[in-house]
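Q: Take the sequences, apply the hints, and build the full model.
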Amino acid sequence: MTLSLALEARDLSQLPSRRDEDWRWTDLRGLIRELPAPSPEVSADLSPGPFGDEGQAELLVVNGRVWGDVGLLTLAEGEARVVRLRFVSATAATGHGIKLAVSLAPGAHLTLLESYEGQAPDYLADATLNVRLETGARLERIVLASDHAEGVSVSTASVSLAPGAGFAQTVLTDGARRQRLETRVEHPGQSAAVRMDGAYLIADRRHADLTTAVNHAGTDGTTDQLVKGVVADQGRGVFQGRITVSPGADRTDARMGHHALLLSDRAEVNAKPELLIFADDVACAHGNTVGALDEDALFYAQQRGIPEAEARAMLTEAFIGEVIDRIVHDGAREVARAWAAKRRVG
Amino acid sequence: MLSIKNLHARVEAAEILKGLSLELPAGEVHAIMGPNGAGKSTLSYVLTGRQGYEVTDGTATLDGEDLLSLEANERAARGVFLSFQYPLEIPGVPAMTFLRTAMNAQHKARGEPEISATDFLKRAREVAGQLKMDFDMLKRPLNVGFSGGEKKRMEIFQMAMLSPRLLILDETDSGLDIDALKIVADGVNALRRPDRAMLVITHYQRLLDYIHPDKVHVLAAGRIAATGGPELAHELEREGYDKYARAA
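Protein chains in written order, with my numbering: chain A, 35 to 380; chain B, 2 to 249.
What the hints contain is simulated information worked out from the structure, not anything from laboratory work. Since this is a predicted model, take the numbers as computed values, not measurements. Treat the hints with caution; some may be incorrect.
To be verified - Here are the simulated lysine to aspartate or glutamate pairs, EDC-like style, with alpha carbons at most 16 Å apart:
| id | chain 1 | residue 1 | chain 2 | residue 2 |
| --- | --- | --- | --- | --- |
| 1 | B | 109 | A | 344 |
| 2 | B | 216 | B | 55 |
| 3 | B | 19 | B | 58 |
| 4 | B | 109 | A | 342 |
| 5 | A | 306 | A | 54 |
| 6 | B | 6 | B | 72 |
As the list claims (entries may be wrong) - Covered, in the sense of this in silico footprint (three residues per stretch, anywhere, with C-beta under 8 Å from a C-beta of chain A), are these stretches of chain B:
| id | region |
| --- | --- |
| 7 | 77 to 87 |
| 8 | 115 to 124 |
Unchecked claim - Okay, the calculated beta carbon distance ranges per label pair:
| id | chain 1 | residue 1 | chain 2 | residue 2 | range |
| --- | --- | --- | --- | --- | --- |
| 9 | B | 15 | A | 364 | 49 to 55 Å |
| 10 | A | 364 | B | 112 | 36 to 42 Å |
| 11 | A | 359 | B | 109 | 25 to 31 Å |
| 12 | B | 205 | A | 312 | 56 to 62 Å |
| 13 | B | 52 | A | 102 | 26 to 32 Å |
| 14 | A | 87 | B | 28 | 58 to 64 Å |
| 15 | B | 205 | A | 86 | 58 to 64 Å |
| 16 | B | 122 | A | 371 | 18 to 24 Å |
| 17 | A | 364 | B | 118 | 19 to 25 Å |
| 18 | B | 122 | A | 133 | 50 to 56 Å |
We treat Cβ as the ideally placed atom computed from N, Cα and C, and that holds for glycine.
A: Shown next as structure tokens:
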């Protein structure tokens, strides 16, 4: 059951619903009563996306159609580049999906600056990425989701790594009417390294779902995950993080942290951190907290002269800053910092 | 400078201050001593405008201006500074960033121009030097992982940078060993000026060996139960607070 299948088959019954355990907090079947018309082809004459002119090349996907060279996502041995990948939903009340492959040959190095841009309300958008990293290849993926408040959007990345490959991602979102950003990683261990971070800043009645699953199949793999969120108004944040350590995946080192701030009585965070460990000799840890902004710290800042609204913004920005500091690409880190400053919620 | 008249305040349903009156002239240092639960911390929070502390009667003015109707940050901009008993840790915000934000907010509230990054840095180096502080400490997130002594020194640093008119020191001696206490006291003493007043809140007389008060007030059961010179602190050290607690 996926949005992608439902759009392809034009069949509502293919939509995931709350009866699917993995979708219980992001119900699409209950939300979507009829499938919208397929999105039209529109010209790709667009202003710059959230990453501006960072990187060397841009691949544009508008209403599910590729404008540009998909070859940008295939890197030969030892090749390195920084690519902006922009998914734009441009037409109201229509639906579209796209499948793309990202392939890195041994030793290749890609920085992917991926954005989801909603320019009109009520769209239904699906993006599916299949990512393969060969030995020693490295991918840093920075996702900035700026969907429309009334858009519905699902992005699913399936990542498979060869031994010694490195995959790092940071997903930043301010939600949508319904939005899910999902990443699944097949982790071979054997010195492959994964970092899967995220930050959500949600206000109004928006919804964002960060779902991740990492399966450690071999020995000596690492996964490091830090997700932080701030939810105000009647917003809702969902974090589902699953790390599986398969039988025999000894000496796996996996750490997961999810921490959220609720800034209003009606804000909601649903968190399901899972560590499923079927091997003996492992180092695994997880921490999950949901709380309010520290009133003592708030008063401390006010007592030094900082007005309340500014103090709140400073503290929430600092809270999210820990995630942003971990972004490796300098330009993307600055874009992310500016994003967090602008999307101050509460 | 600071004038408190018949102040009544409560926290939730409990009345903590019950008619407290106090005059603190410019240039003077007054100590407030009292047993646990007498209302010492409540007094500092009421004066600085912490939420949850409700004033039910009385007045508090700074140079004639009503303090109680101002927001906490507005009081800070008027020159009220509270040195916290337990300074807060602010992860993710470097001490310098925090202080510069505070300074500029105060300047803005007073209609003064913002301080430039260069001027700020220059002044910060100067003050850090006077307090014998490691300048690199100011680049770290505020108070995160600092020892008790370092946190108190950071309070003195902020105090010296912000140059307030009314300093309230809430149990500044708690958690300090004797060396740290001397450093903090030296820092406070260096800030004494004819146009500045200090209220030193403490449970023990120890701090007053280093910061010499002009007057000592005994706070018991929400009121000033006695006022005297420095000798009163020594008497309290010998005899305890019992007679004031009983009288209240």
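Q: Establish whether the coverage given for the region 115 to 124 of chain B by chain A is satisfied; the threshold is a Cβ-Cβ distance below 8 Å, and no fewer than three residues must meet it.
A: Since 0 is below three, the answer is violated.
Q: Per the hint of 26 to 32 Å, is the separation of the Cβ atoms of residue 52 of chain B and residue 102 of chain A within bounds?
A: violated (54 Å)
Q: Mind checking the alpha carbons of residue 19 of chain B and residue 58 of chain B for me, to see if they're no more than 16 Å apart?
A: holds (9 Å)
Q: For the pair supplied as a hint, residue 6 of chain B and residue 72 of chain B, confirm whether the alpha-carbon distance does not exceed 16 Å.
A: violated (20 Å)
Q: Tell me if the beta carbons of residue 15 of chain B and residue 364 of chain A are separated by a distance inside 49 to 55 Å.
A: Since the Cβ atoms of residue 15 of chain B and residue 364 of chain A sit about 54 Å apart, the hinted range of 49 to 55 Å holds.
Q: For the hint 19 to 25 Å, verify it against the beta carbon of residue 364 of chain A and that of residue 118 of chain B.
A: holds (21 Å)
Q: Given the hinted pair residue 216 of chain B and residue 55 of chain B, is their Cα-Cα distance within 16 Å?
A: violated (28 Å)
Q: Under the criterion that the straight-line Cα-Cα distance not exceed 16 Å, is the pair residue 306 of chain A, residue 54 of chain A satisfied?
A: holds (14 Å)
Q: Confirm or reject the coverage of the region 77 to 87 of chain B by chain A under the rule of 3 or more residues with a beta carbon closer than 8 Å to the chain's beta carbons.
A: Coverage by chain A holds for the region 77 to 87 of chain B (5 residues, Cβ < 8 Å).
Q: Please check whether residue 359 of chain A and residue 109 of chain B have a Cβ separation lying inside 25 to 31 Å.
A: holds (28 Å)
Q: Range first: 58 to 64 Å. Now tell me if the beta carbons of residue 205 of chain B and residue 86 of chain A are that far apart.
A: holds (59 Å)
Q: Taking 36 to 42 Å as the hint, is the beta-carbon distance of residue 364 of chain A and residue 112 of chain B inside that range?
A: holds (38 Å)
In the structure shown, a violation is registered for the earlier hints numbered 2, 6, 8, 13, in ascending order.
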